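Novice: Sequence:
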Amino acid sequence: SEAFKLGTPLRPRHREVAPGQYEMAPYFGHAPEQIDQNTLVMQLCEEVAGRYGLTCLNQEKPFQGINGSGKHNNWSISTKEGVNLLNANQVTKATGNKDVFPVIMTAIVAAVDKHGDLMRCAIASP
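Take the sequence shown: its position 50, counting from 1, is numbered 1423 in the numbering used here, and each next residue is one higher.
Don't take every hint at face value.
Claimed, not checked - FRET-style restraints, in silico, Cβ to Cβ: (1) V1421 with D1472: 45 to 55 Å; (2) E1375 with A1495: 22 to 32 Å; (3) L1427 with A1404: 28 to 38 Å.
These are calculated hints, taken from the structure and not from any lab test. Treat the numbers as computed from the prediction; the structure is a model and nothing was measured. Even for Gly, the Cβ is constructed at its ideal location relative to N, Cα and C.
Start from the sequences and build out the full structure, keeping to the hints where you can.
Specialist: In structure tokens form, the structure reads like this:
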């Protein structure tokens, strides 16, 4: 409810494998607003945890060897018309061409490979 009070709606998801970890997800939004909300939620979690004598860890993988430990980011990419470019059926339906989806996936993999260091830096920085 703390996030809702600040205008950041979250959906509770589920407990993760790591002890004491719980996943929550913001509602869909555009990148600039979501980045601000992600930063706000991380700060809010730290402050609320402190009220209860706890600590919130926002590192990607704070504990080696514990599956599911740490912050992660799920993302999507879509057209202005709402076609999810990570959904083969939606892309094929929108384009009428089954060969478009593999091209999109190849471009995404190439971009992640080329800019992986920058992505990791952005994800790891609060």
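Novice: Checking against the hints above, which ones are violated?
Specialist: Violated hints: none at all, because every hint is consistent with the structure.
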